[in-house]
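Residue numbers (full-length UniProt numbering), protein chains in the order written: chain P, 1 to 496; chain C, 1 to 496; chain E, 1 to 496; chain F, 1 to 496.
There may be inaccurate statements among the hints.
Taking lysine-lysine and the DSBU-like style, the derived pairs with C-alpha atoms no more than 35 Å apart in a straight line are [stated by the list, open to error]:
#: 1; chain 1: C; residue 1: K454; chain 2: P; residue 2: K234
#: 2; chain 1: C; residue 1: K213; chain 2: C; residue 2: K445
#: 3; chain 1: P; residue 1: K454; chain 2: C; residue 2: K298
#: 4; chain 1: P; residue 1: K445; chain 2: C; residue 2: K445
#: 5; chain 1: C; residue 1: K298; chain 2: E; residue 2: K491
#: 6; chain 1: E; residue 1: K102; chain 2: C; residue 2: K491
#: 7; chain 1: P; residue 1: K234; chain 2: P; residue 2: K102
#: 8; chain 1: E; residue 1: K253; chain 2: F; residue 2: K453
#: 9; chain 1: P; residue 1: K356; chain 2: F; residue 2: K453
#: 10; chain 1: F; residue 1: K356; chain 2: E; residue 2: K491
#: 11; chain 1: E; residue 1: K102; chain 2: C; residue 2: K399
#: 12; chain 1: E; residue 1: K234; chain 2: F; residue 2: K454
#: 13; chain 1: E; residue 1: K356; chain 2: F; residue 2: K480
#: 14; chain 1: C; residue 1: K399; chain 2: E; residue 2: K78
#: 15; chain 1: P; residue 1: K486; chain 2: C; residue 2: K491
#: 16; chain 1: F; residue 1: K61; chain 2: P; residue 2: K298
#: 17; chain 1: E; residue 1: K454; chain 2: F; residue 2: K454
#: 18; chain 1: C; residue 1: K486; chain 2: P; residue 2: K237
#: 19; chain 1: E; residue 1: K253; chain 2: F; residue 2: K480
#: 20; chain 1: C; residue 1: K480; chain 2: P; residue 2: K445
Derived from the structure by calculation, the hints contain no laboratory data.
There are 4 protein chains.
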Amino acid sequence: MERWCLCERCGLIPPISFNKRPTKIGRRSLSRSISQSSTDSYGSAASYTDSSDDETSPRDKQQKNSKGNGDFCIKNIKQADFGRREIEIAEQEMPALMALRKRAQGEKPLAGAKVVGCTHITAQTAVLMETLTALGAQCRWAACNIYSTQNEVAAALAEGGFSVFAWKGESEDDFWWCIDRCVNLEGWQPNMILDDGGDLTHWIYKKYPNMFKKIKGIVEESVTGVHRLYQLSKAGKLCVPAMNVNDSVTKQKFDNLYCCRESILDGLKRTTDVMFGGKQVVVCGYGEVGKGCCAALKAMGSIVYVTEIDPICALQACMDGFRLVKLNEVIRQVDIVITCTGNKNVVVREYLDRMKNGCIVCNMGHSNTEIDVASLRTPELTWERVRSQVDHVIWPDGKRIVLLAEGRLLNLSCSTVPTFVLSITATTQALALIELYNAPEGRYKQDVYLLPKKMDEYVASLHLPTFDAHLTELSDEQAKYLGLNKNGPFKPNYYR
Amino acid sequence: MERWCLCERCGLIPPISFNKRPTKIGRRSLSRSISQSSTDSYGSAASYTDSSDDETSPRDKQQKNSKGNGDFCIKNIKQADFGRREIEIAEQEMPALMALRKRAQGEKPLAGAKVVGCTHITAQTAVLMETLTALGAQCRWAACNIYSTQNEVAAALAEGGFSVFAWKGESEDDFWWCIDRCVNLEGWQPNMILDDGGDLTHWIYKKYPNMFKKIKGIVEESVTGVHRLYQLSKAGKLCVPAMNVNDSVTKQKFDNLYCCRESILDGLKRTTDVMFGGKQVVVCGYGEVGKGCCAALKAMGSIVYVTEIDPICALQACMDGFRLVKLNEVIRQVDIVITCTGNKNVVVREYLDRMKNGCIVCNMGHSNTEIDVASLRTPELTWERVRSQVDHVIWPDGKRIVLLAEGRLLNLSCSTVPTFVLSITATTQALALIELYNAPEGRYKQDVYLLPKKMDEYVASLHLPTFDAHLTELSDEQAKYLGLNKNGPFKPNYYR
Amino acid sequence: MERWCLCERCGLIPPISFNKRPTKIGRRSLSRSISQSSTDSYGSAASYTDSSDDETSPRDKQQKNSKGNGDFCIKNIKQADFGRREIEIAEQEMPALMALRKRAQGEKPLAGAKVVGCTHITAQTAVLMETLTALGAQCRWAACNIYSTQNEVAAALAEGGFSVFAWKGESEDDFWWCIDRCVNLEGWQPNMILDDGGDLTHWIYKKYPNMFKKIKGIVEESVTGVHRLYQLSKAGKLCVPAMNVNDSVTKQKFDNLYCCRESILDGLKRTTDVMFGGKQVVVCGYGEVGKGCCAALKAMGSIVYVTEIDPICALQACMDGFRLVKLNEVIRQVDIVITCTGNKNVVVREYLDRMKNGCIVCNMGHSNTEIDVASLRTPELTWERVRSQVDHVIWPDGKRIVLLAEGRLLNLSCSTVPTFVLSITATTQALALIELYNAPEGRYKQDVYLLPKKMDEYVASLHLPTFDAHLTELSDEQAKYLGLNKNGPFKPNYYR
Amino acid sequence: MERWCLCERCGLIPPISFNKRPTKIGRRSLSRSISQSSTDSYGSAASYTDSSDDETSPRDKQQKNSKGNGDFCIKNIKQADFGRREIEIAEQEMPALMALRKRAQGEKPLAGAKVVGCTHITAQTAVLMETLTALGAQCRWAACNIYSTQNEVAAALAEGGFSVFAWKGESEDDFWWCIDRCVNLEGWQPNMILDDGGDLTHWIYKKYPNMFKKIKGIVEESVTGVHRLYQLSKAGKLCVPAMNVNDSVTKQKFDNLYCCRESILDGLKRTTDVMFGGKQVVVCGYGEVGKGCCAALKAMGSIVYVTEIDPICALQACMDGFRLVKLNEVIRQVDIVITCTGNKNVVVREYLDRMKNGCIVCNMGHSNTEIDVASLRTPELTWERVRSQVDHVIWPDGKRIVLLAEGRLLNLSCSTVPTFVLSITATTQALALIELYNAPEGRYKQDVYLLPKKMDEYVASLHLPTFDAHLTELSDEQAKYLGLNKNGPFKPNYYR
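So that you can see chain P by itself, here it is in the shape it has in the complex:
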């Protein structure tokens, strides 16, 4: 969903000071913490075996595609065919972008756009990039994560003529080198930024501040990046309009409610094979993520308890049929503990001490702060890695707690994000670029904006055909009665 940083769901990389470059240590510890999740998330497709790969750094290789173009840096151009197939499969599940491409046969809303991007480089991103190209844009791209690049997809993109600078397993130095190669090219200046995490934006601010004169806008995907932009804006340092696509309704509902409703089951099954029927579960937090987890587990026959701090969400939990408790009331009896609060230290050592043998503990909320994992790193407790992402923490009396993903996000570490969800994100990004690029002078100032409601609705409408869903249209008379434009927007901006 949203990786790095440390609480992407809420905006975290701990609000490090923006003017300080992330230290090596910061970056490294990040790398370590996400390595496995990256592997799992992106590696579930049949993965091209790299075992025979040489150890030469891509930066040291001569790179050239079959047409003689060499303006890219990837792992192995020979994987291009395999990557192309992965892209083609992804295309089938991203109908909204394909619809944009079709529409682009007539108009090219991004004609003249020079987009520099920094995102995960996956098959889904490739579909986005090729869509942007079809819409008229030129693209240069780097990875926003040193582990998440699908090498074969990068190869296919390079073979297709894209200037891609990314491979799986970059060093930190590689990471910034790649970003620089995207931006720093004689005779080419970007006029749009598509960022996921804020590193690219940060780099340009630091190294090439003058570039912002030509830049029409920034589209930012991640919580962390958005947080940084708001800080910049607050400090009066944001010099172009920026679009926060993280908080669009469609994306939020899918990332949180609908996606988590499925990934909680998937993540628990893949790691523990636990049977849900009859299990007692406590879910901490009844926001969108908690609602999704509770609904899924209730449907599978679990008995679900909820903890909440907000009385309104608490009342909703009651009305939805969940007993609202304090954690200490049920901690001795539950089989599974799931955190979805966005808070820190929700499950502390005191609670861990009182859980029963075999209790499964995991985090669906944010970052790695919700479970106080550090408190389990004490001499009297034994850790036993029983599977990838699964540790048994063993008490002196033999009691075992099953800790998943070391307290990091279960849904990112131990299940996959459906392409359909990624499709919504990618479409939102594309539309945000179009909006910023084409907006008349003055519509957007040097501030952070939400995607206009109407475009949010448009993203949703592009995904309805997937479900063979047929929207009703207002008659003129009805639209007048409701005081609405027939084409929307249909709801106020704050509507969720």
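Got chain P sorted already, so can you dock chains C, E and F onto it with the hints?
Only chains C, E and F this time, still in chain P's reference frame:
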């Protein structure tokens, strides 16, 4: 859902131009249309038989309670004991107001408040009035609906010393006379208004505009009344602060999602005894009301189709497992049609003509506009009243459509509103009065306000004990981490 | 669920020793206990007002329909038109019987059959009787319950030429007189019995034992009647084949699981207007009825606990997500107690004493034995009738328990049975008559039989068109592979 | 569900004529077809890496455990410690067997029993074997499947003194050699058989028929094995009592309804990462497996259609809210096709041709007969293996069908069986052994028996503590009223 509707949910005057007094015709047509719903909604409790009652108008009777007080006008003071019992039963289910009373033993936040009220006069209202008194207020009250008064409750209030002016079956002239009696008393001037529909506010504006000099604020419950206040505000004519309690989160969720989830089943059963299992149902509109209806019917084994105009709600319907269709795709095959759009002419004659024999048609949305009932008043169709609130409309070929409540709101006409929901409304009203009455100078201007988030949360928290629900409290460290006050508010104002 | 119960579901005589005529007291206590339920169950349709009716007993009136036929005894032949409309409405919801009628245009499987029947006389029964006639049978009919007759339906039947002997409010003497009039007619002898409760069968055994020589079989609907037949069979006194239609799969599933899933909600709402969301409920017994109740309440947002004695059903409750408890563990905290055990004294005074204020107590199981209502008839407790079927039982400290239907069956007393369920029963009865009447010599001996699986499947198949449901047919190859006949039966006899 | 199927659920030999030895080809094709499923099902636990293992056949190695005992044949005794830990983990989730062990401290119901077993050799089986030993039995064991043995568990058993003959990847010759080594030992004769698939029983019948003189009974787990036993019985050749534990209620409900409700989601996610929300799914067959699949998918927001041949199950599907269709009505529109019929050729080429691009096809029913996979092996279609267990079958126009597990059972191939389900099976086996071994002369004849209802209930009761579930006990009075023994059995034998 209900934008400036004029809907029976509040039982009120059609949204006539505010400066014109409602004509007799307007009032009468209203009376006719709501009479049955009023009877049903409020008459389900064992009703004191009035059959032996004399026909003398209460206005012509001498009225006196057992202590000799005569400042009220009701049907029959002898019913006071019966009414008292009804009030006591209601008290048991309104724990939040009882908690406020308890708290009022120490402080009297309404000391000095002179509240004039105009609402439905029911056992639940009585609990509210007696709570306001406990909080320090003096109260004078009239009915906001000519049919909804529970005479025995009015009697109990009069016996208890309240100046109540209301009976079931008032004429229009009675209606305004009662309101006037509340307001127009020598030596007493109200300083707070609690209104439900805007008629009381309207009356004071028209007759006693000078009273507003002493009035600290208006608390308005209904959609229509709120709409009028916004119009006044827009026109620059609102001369005191007003609190819109209709749109508080808690109330909205309960009125729409949770309450409709139950009342759709209840309303259909009481009127038609239909079996839900296996039935094909189309629900028009997937807002909160539609979500509630769909969830309930799905759970009972119906096959539910949804129509929507808004792509975001449409996508939610898809993700919740409902086929999204246009009405004409399924109109021939469905057994039940339910409207929840807030729109007009959603079910028109063309669709009614194509429905199959026995199809049930009803409205959960707003007002009586959603189904084009007028189009069924044609000579070739026969109407047959088969039960209270149930008409068979019969086509020349013998096809019968089962029309409920003549297209008016099913949940108001054919089921009851749970006391728990009324408790939330009443508590919100009480807190809004306290807030407006005690707000420091300048906090509220001559405008319409939403209940502050924190008070909304407080209403919710007062209802948690009913469910034996235990809220978790933030630690200092956690509150700091989240940037929240430990006592809330916990969410931004727009959070739903 | 209902083993040798005596239960009101059929409205019958307690399982007195069969050889002893029911005493006056037995009959009377019955009458009293079912009176209200009868009224409610059958009176929800707009009921013809009998208030102006004279008090002359139907037995003392001269009876004649418009064709001059007088071989019947009913309340008032003038109500025939109204009754005919009720029958026509019922026909629309009993498609299976209508399908049998259509088929009967070609063959008359009951040609020559002389059926004497004793069942509830309702619109649905009328559809059955007219179907039997269409199939070739002659019918004479009495009521199996002194309160359940719909007078207007009886009138329509008499007007249509049926020899009906029944009215609402028969005395016990009337009851047996009516049965006798059905049977004891010169020149006419029944050859088939359709009974519901065993009274008709009993009467013939006692008075006209020789009639059994011509009788080809008995079809019995009720638990009690079936129990009596098994006793007769065991005692070697059953002298004709009998068909137990009570235990057919289709009927059982509908009467218990599907019907109760809806009627628990309906019964609770109509009597108490309780909001289900967030309520804590304990359901005693997890058989089919309990499963239906639990599923419905869980779906409405209640928190449901289950008690069970059978470990297999207990494990099912666990897997379906319900906490399995002993009643005493939760009795202090629940808001609603529902019994579905088929047992006696499940809720005893000790538990009633410990319930919290406002707790609702009702019985969905059988008879009136599950709740020890007698234990509440003590001087220190006050009973207050607050609505029809709703009593408040008040403890000295003011605590109120809300007792529904005085502990009798909630679903019969306080909700209605959907026509669809009655349609399944009636179709099963018709097919059982056809089977017994046409069975080749020797297929059935003097014993009690279940409806053959294949006919059970046929009943089900006749109801599928209601749902526009399309059955798949086996290919020859598939049938061979499975070792099945292409037309069924598809499952072993014990399959549920 | 699985009538005399031959299905991989048990991993066995096709239902060849029993008197003919399975041909090499039969065995081999079996081996190939189950290899992957075995790997997946049993390999999800962190698997001991065998990469460094030598290629020497275990039969050629000298085998000895640390105590010098060499009466076993396994892969590698050094893996014993790792296997022991796996067993200990399994013990935690098999409380019923542990309860039996505890009870065995007093009595040894299997004292003197010499059990020869042939089942999957997994950690759960090890817990069973060690329980049998604790109960007094001596055990010798072979594997019932050439691929399913967990080598490390076999090692732990050998180290613990068990005579185990099994390793992963046996040849067919090895398979029978291992069985023979279990049986054919001088000075030791088995008196009980525990079989899973019937191969062990078959072997003794063929080679050592005289052994049956001392054998007290056979406990058979699999559908295929049970089928063979019924055939033997029918042919008059069964010479000892046999217990069919496959059809016990508890096992059936868990294997089918509860287990499939979870494994359908798990299997689909692990293989395809598909998002369930909004997907259109057709489930063929509405028996227990179909019911489980439908309930799970409906809960996850899929729109589910059902096909059925049996009108009773069809009506159940309707009442549960599923549209009942013929496959051809929806085949063009669905996203997922799931077979649960127990039939053959349910999804034939004609349907596969009409599916839409990307449609997922899988089998939850039995064996590999439901989907006509053979029809897809034609030259114009291209197969592409995209992941383990996932093939894309590509039509000439580019349409891709996603075929899972090559049409074999999804739940066995692509998800895991929860230990809790295996615990029920193992407990049932243990109790069946105890029952047969201790039954008084004459209770069981040379026939096939179902586990007595009471023992089925006992198995259930042993698993209730896992859920902290508390069973209610009948009072003497209640037991008498119901005509039941207080300790059960509580339901008739045919109760499901």
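Open item on the list: So if I understand the rule, the pair passes when the alpha-carbon distance is 35 Å or less; does K454 (chain E) with K454 (chain F) pass?
Closed with: holds, 31 Å
Task: Agreement of K356 (chain F) and K491 (chain E) with the hint, judged by alpha carbon distance not exceeding 35 Å - done: holds, 34 Å
Open item on the list: Hinted pair, alpha-carbon criterion (35 Å max): K399 (chain C), K78 (chain E). Please report holds or violated.
Closed with: This hinted pair holds, its Cα atoms lying about 27 Å apart.
Task: Satisfaction of hint between K298 (chain C) and K454 (chain P), Cα-Cα up to 35 Å - done: holds, 31 Å
Open item on the list: Given the hinted pair K480 (chain C) and K445 (chain P), is their Cα-Cα distance within 35 Å?
Closed with: Roughly 32 Å between the alpha carbons, so the hint for K480 (chain C) and K445 (chain P) holds.
TODO: Mind checking the alpha carbons of K234 (chain E) and K454 (chain F) for me, to see if they're no more than 35 Å apart?
DONE: holds, 26 Å
- [ ] Verify the proposed pairing of K356 (chain P) with K453 (chain F), using a straight-line Cα cut of 35 Å.
- [x] holds, 33 Å
Task: Proposed proximity, K491 (chain E) with K298 (chain C) (alpha carbon, max 35 Å) - done: holds, 29 Å
Open item on the list: Next pair to validate is K356 (chain E) with K480 (chain F); report whether the Cα-Cα distance is within 35 Å.
Closed with: Roughly 31 Å separates the two Cα atoms, so the pair holds.
Open item on the list: So if I understand the rule, the pair passes when the alpha-carbon distance is 35 Å or less; does K253 (chain E) with K453 (chain F) pass?
Closed with: This hinted pair holds, its Cα atoms lying about 22 Å apart.
Open item on the list: Can you confirm whether the C-alpha distance between K445 (chain P) and K445 (chain C) stays at or below 35 Å?
Closed with: holds, 31 Å
Open item on the list: Check whether the Cα positions of K234 (chain P) and K102 (chain P) lie no farther apart than 35 Å.
Closed with: violated, 40 Å
The structure is inconsistent with the numbered hints 6, 7 and 16, although it conforms to all the rest.
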